[in-house]
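> Got chain A sorted already, so can you dock chain B onto it with the hints?
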Amino acid sequence: MNAELGVFLLLFALLAAIYALVAALVGGRKQNEALVESARNALLITWPLLTLASLLLISLLVRGDFNTEFVWSVTDRAMPTYLKVTALWGGQAGSLVFWSWLMSTFAAGAMLRNWRREHDLMAYAIAAMAATLGFFLLLVTFWENPFARFWQTPQGEIMTALLGASDFLGRIATWRLDFAERLPGMLGVIVKGIIPLSAPGGSFTLIPDDGQGLNPLLRHPGMIIHPPMLYLGFVGFTVPYAFAVAALIKGEVSSSWIRATRRWTLVAWLFLGLGLILGGWWAYDVLGWGGYWAWDPVENAAFMPWLTGTAFLHSVMIQEKRGMLKRWNMVLIILTYLLVVLGTFATRSGIVSSVHSFAQSAIGPLFFLFIAAALVVSVALLVKRWDTLASENQLDSLLSRETAFLLNNFLFVAIAFTVGLGTYWPVFTELAADYFRGVERSSVGPEWYNATTGPMFAALILLMGIAPLVAWKRASWKRLGSSMLYPLIATVVTLALLYLLGVRNIGALVGFGLAILTALITLFEYHRAALARTRAHGENYLAAFWSMFGRNRRRYGGYMIHLGVVIIAIGVISSNVFQAETQRSVSAGQAITLGDYILEYKTLERFVATDGRFVTRAQAVVYHNGREVARITPRIDNYPSGQPMSIPGKYTSWLGDDFYVLLVTWEQLDLSSASFKIYYNPLVNWIWGGGFIFIVGTLIAAWPDFSEERVPVRSARRAIPAAGD
Amino acid sequence: MKQSKRILGGAAVVLLVLALAPGVLAQGPTPPPPDGGVTDDEVNAIAKQLFCPVCENVPLDVCPTQACADWRDEIRTMLQDNRSEDEIKAYFVDRYGRRVLATPEASGIDLGLYGLLMIGVLVGAVVLLTVVRTMVLDVVQAVVAPDVDVTYEDLDPEYVARLEAEFQEFTRS
Chain A
1 MNAELGVFLL LFALLAAIYA LVAALVGGRK QNEALVESAR NALLITWPLL TLASLLLISL
61 LVRGDFNTEF VWSVTDRAMP TYLKVTALWG GQAGSLVFWS WLMSTFAAGA MLRNWRREHD
121 LMAYAIAAMA ATLGFFLLLV TFWENPFARF WQTPQGEIMT ALLGASDFLG RIATWRLDFA
181 ERLPGMLGVI VKGIIPLSAP GGSFTLIPDD GQGLNPLLRH PGMIIHPPML YLGFVGFTVP
241 YAFAVAALIK GEVSSSWIRA TRRWTLVAWL FLGLGLILGG WWAYDVLGWG GYWAWDPVEN
301 AAFMPWLTGT AFLHSVMIQE KRGMLKRWNM VLIILTYLLV VLGTFATRSG IVSSVHSFAQ
361 SAIGPLFFLF IAAALVVSVA LLVKRWDTLA SENQLDSLLS RETAFLLNNF LFVAIAFTVG
421 LGTYWPVFTE LAADYFRGVE RSSVGPEWYN ATTGPMFAAL ILLMGIAPLV AWKRASWKRL
481 GSSMLYPLIA TVVTLALLYL LGVRNIGALV GFGLAILTAL ITLFEYHRAA LARTRAHGEN
541 YLAAFWSMFG RNRRRYGGYM IHLGVVIIAI GVISSNVFQA ETQRSVSAGQ AITLGDYILE
601 YKTLERFVAT DGRFVTRAQA VVYHNGREVA RITPRIDNYP SGQPMSIPGK YTSWLGDDFY
661 VLLVTWEQLD LSSASFKIYY NPLVNWIWGG GFIFIVGTLI AAWPDFSEER VPVRSARRAI
721 PAAGD
Chain B
1 MKQSKRILGG AAVVLLVLAL APGVLAQGPT PPPPDGGVTD DEVNAIAKQL FCPVCENVPL
61 DVCPTQACAD WRDEIRTMLQ DNRSEDEIKA YFVDRYGRRV LATPEASGID LGLYGLLMIG
121 VLVGAVVLLT VVRTMVLDVV QAVVAPDVDV TYEDLDPEYV ARLEAEFQEF TRS
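Protein sequence lines correspond, in order, to chains A and B.
My numbering numbers the first residue of the first sequence as 1 and each following residue consecutively.
My numbering numbers the first residue of the second sequence as 1 and each following residue consecutively.
The following block holds chain B by itself, in its conformation from the complex:
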């Protein structure tokens, strides 16, 4: 029984690796354009981080409007002029406002977003801890069932008994 479990476990591992590895490993590089110019991919890498100023919540790299096509051309021109990614993003923010940034910066009013998030999660954690503390029995030591030396394949009799009790309770309810 132990042997068959090991074989089953090993097979599960192999299957998982076979399933996960090929997909995540098929990442060969894309060859550069023949003329050495700025590629669509380089433009899209930056456009992806910007939102269309006109269409709500549409990233610039997939927006089909003419205005977005013009803005992507602007990005291409700036890349050809060797402007950096940060400079290009700053240019669009200056012209259209911080709403064009897909990820809000931790500055200005958007500090409030990060601040509120941290405060909210902290408050929730404090509430959770408080609830747990007030709910725990105020006893020095509770009676604990003696630790049985359990091995997985021995099928802990207490586990079996608990399972049966739950089945019966379900049937009765």
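The following block holds chain A by itself, in its conformation from the complex:
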């Protein structure tokens, strides 16, 4: 009965979203205020419906209702309760419901917050949000419904269906399958993929004794919060997109839609960034290969919208300040939204693993159709308003902050393009291999990405340092030079010292140099601004520093974000370029040397953990320069339902280096011989530290001003110069 209630909750939410879409479009077109308000209420109603559906699903997960297929697929009796709750996003159907709930939450918040301020745009913003939510609800209602239950037919076949057994509905399901066989290609796959409403008459419910359990890889704190953070980021970007579309439809392309959605954008960007960092941390801790970012297609699918979102966040400053780059900003937010949906599509459809898995599931073709429709509508609107989006001003000088931001946009989009090319190239070659003889599927690995994006990231880091020094409209080379002088001297001296101490890798020296220069410029900017305030207002230095943040959170929060990124960059460069590794088999009492470190293998123990894992754990001692520094316990966890996982033992130095030790799962493991894989990752923990600073900086930049209610002032359009964009 509970699961059936869930089916109806999802169905009603879908109907409400469809109604909201239609009513908003009609109400907006006919300027019918009552209809628009009705659309708003319908979209608001989706939130309690989806909240109830999510809570219901969580209760089924916690109770272990294995009759429900989704519960069976992601939980088992031995799992602790907290993991059963987080299993909501441990499988496809549950994560799509979670996505939908987040979307309805953001939609409700955006509507309530902007109902009066941006009333002109609300009708079409509601339509855009309802369309997105409606699509995901369509998926979870008919194709990936987490409330589908197991049935056994009178013929002994095991199947899933949404409601009870019924002769009539069962015959309809059979007819549908026959019909689907006759449909061509993707259409047949889509129709065939619909979950049957009912099992055939005479079927009875099937309740497995136990579930499959959650994938062992997902039983890690990083993986518990990584998906929600990513989804918050993905979903968050639909709000600025919705308002952008509304602005295009209404022809109101001033900066008010940007101001209305600025914080939503920043929060979405923060969560997406946090999700990426958490994903890296999880990979480092759990996947057992000593790294944190493998340029895996699924990682890239989340990284690309972050890149274009970053470009958008910077670029809108120019539109707010000078009424420029309006077309560019529209392109960026449309691109970010499409990449968000594409990213969800890529990870859900399996297309990046194999183009053939795309064709076997209905999810892939449905996403493809939605992305195509969103692309066509967005481009059509953009073309329609192209002339209206002309800049209100022009570039006064090539050396200006506007130019720096343009260059920044180019670099971010170039990196996103490069990453996209590498991610989907294997898909393209696999397709080509089906049609052209002699063509084989290719792979694109980390070395290619590092070589192609590395120089672009280096240029970005340099720009991060220089752009804040360059004035709006026009700057002078002399002033820029004088602002950079001391940081440049300190950078050159640091690099010279590093070189003399033996750091000879040119790429690393260039990377360090750019990162150090940017960090020092940023710190000096803080110092100069604080000093300016002490002289102008007579405040003491610390008070000036504090009030500086309070008076301009965007700028100084932004500087902190830059600092965080630079620290991450130093960690990435060090741990990539200077990583050392070795693998050896040794018996108990023997040691392995790596650089200044020695690992001494002491003993091995085997036991069964309380959650049913079979654990093989080594005890080892780490020495650095002859002195014992740590006792570590790398281990292998064997879950009944999954492949073995190698969990590292680590020693972290005060500088943030990791001496990282894994037991090799595929080699002999006992006291006479154990195979260890050891990595030395210099400064790797600067990545997590830099990530923390990045998050704090974003929170500062996004912090709302509660002191006054801001009423958007529609500025009069300045005279548009003759030259276009």
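Hints are computed from structural coordinates only; laboratory data are not their basis.
Please read these numbers as outputs of a predicted model, since none were measured by experiment.
A portion of the hints provided could be inaccurate.
Derived lysine-lysine pairs resembling DSS-like cross-links, with alpha carbons at most 30 Å apart [to be verified]: (1) B/LYS48 / A/LYS602; (2) A/LYS192 / A/LYS30; (3) A/LYS30 / A/LYS384; (4) A/LYS473 / A/LYS321; (5) B/LYS48 / B/LYS89; (6) A/LYS650 / B/LYS89.
Showing chain B alone in chain A's frame:
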């Protein structure tokens, strides 16, 4: 004030060098195996450049499956037979296709990857330049504020004024 800035700057340099140097310099060599045979490290150096033909996007040196263990053993055998790295990679490509190479070669269909990348970046650069050219004011000479002889510690008064103006604008907005 100048003196204290120099001291601060020097301290920053020292701290940076102390932070960066030890980590990147701890690179002593690993001793060879006692029997002079092929080491796991030598096998992994090549396996790292290959992808598991079965598991998607998993490098051969960290893939836990039995099939990958067998392939690593093949690499070891070939190294013991004094086959070169290129010969070993070519062997795997011949048997399993170019998908096993972690870095696509600039040949065959993968030329398209490199070509598209260059074209994409070039097109982007052309678009950027075009946008910048059409956006720059078509004036002969704009009025530029006279260059003040600025030293860092003098706190350029124009900079102070700009900063204050931005604070006030932020407060007003």
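> For every hint, state whether the structure bears it out.
Tested hints:
1. Distance check on the hinted pair: B/LYS48 and A/LYS602 sit about 29 Å apart at the alpha-carbon level, within 30 Å; holds.
2. Only pairs whose Cα atoms come within 30 Å are accepted, and A/LYS192 paired with A/LYS30 is rejected, the gap being roughly 39 Å.
3. With a CA separation close to 20 Å, the supplied pair A/LYS30 and A/LYS384 stays within the 30 Å bound.
4. A hinted pair counts as satisfied when its Cα atoms are at most 30 Å apart, and A/LYS473 with A/LYS321 qualifies at roughly 10 Å.
5. At most 30 Å may separate the alpha-carbon atoms for a hinted pair to count; B/LYS48 and B/LYS89 meet this at roughly 11 Å.
6. With a CA separation close to 33 Å, the supplied pair A/LYS650 and B/LYS89 exceeds the 30 Å bound.
Violation of the numbered hints given earlier is confined to hints 2 and 6; the remaining hints are satisfied by the structure.
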